[in-house]
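Visitor: For the protein sequence lines, the chains are A and B, in the order given.
First residue of the first sequence? That's 1 in the numbering used here, and the numbers climb one at a time after it.
First residue of the second sequence? That's 1 in the numbering used here, and the numbers climb one at a time after it.
For the record, the hints were derived by calculation from the structure and aren't laboratory data.
Since no wrong hints were added, every one of them can be taken at face value.
Since the list gives no way to pick out one identical chain from another, each pair is judged satisfied if it fits inside one copy or across any two copies.
Lysine to aspartate or glutamate pairs mimicking DMTMM-like chemistry, simulated, CA-CA at most 20 angstroms apart:
1) Lys70 <-> Asp59
2) Lys42 <-> Asp74
3) Lys66 <-> Glu55
4) Lys27 <-> Glu55
On a predicted model such as this, the values are computed, not experimentally measured, just so you know.
There are 2 protein chains.
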Amino acid sequence: KGPALRGSALELRCQCLSTHSRFIHPKFIRNVNLTPSGPHCKNVEVIATLADGREVCLDPAAPWVKLIIKAILDK
Amino acid sequence: KGPALRGSALELRCQCLSTHSRFIHPKFIRNVNLTPSGPHCKNVEVIATLADGREVCLDPAAPWVKLIIKAILDK
Chain A
1 KGPALRGSAL ELRCQCLSTH SRFIHPKFIR NVNLTPSGPH CKNVEVIATL
51 ADGREVCLDP AAPWVKLIIK AILDK
Chain B
1 KGPALRGSAL ELRCQCLSTH SRFIHPKFIR NVNLTPSGPH CKNVEVIATL
51 ADGREVCLDP AAPWVKLIIK AILDK
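Work out the full structure: start from the sequences and follow the hints.
Guide: Structure below.
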């Protein structure tokens with residue numbers, strides 16, 4: 001099972017309990033949701049929805065995560 | 001009313017009919033959803049959910065959009 005993730009439409013606290021550290025190829029990523037840190041959670045949260053529908057928390061500080069986001073935008 | 005946006009959980013076509021060109025301050029952005037181009041839609045789609053719950057399509061090529069995404073990740 002991937003890193004634990006609490007999910008609801010409007011989350012009033014952190015949604016990611018841990019992050020997936022291994023590289024995920026962009027072709028397996030359906031979309032990426034970025035939630036800035038805020039009163040609800042002190043962490044920036046990056047949640048990728050994979051092609052198979054699973055949601056995975058990614059580390060916003062990981063270089064490969066930043067590269068994937070850049071690649072998505074620049075495509 | 002913001003740029004037209006068709007919405008559903010799993011969208012099988014483009015969700016953005018147009019994009020919001022004016023700068024939006026990050027403090028008004030609750031989260032940002034990035035959808036890579038794919039068979040469902042040839043455009044990369046960047047959809048921001050604002051603090052008031054409205055969803056707005058942003059232009060992935062606009063420098064200020066890239067800066068906001070970078071700022072969110074780097075915070």
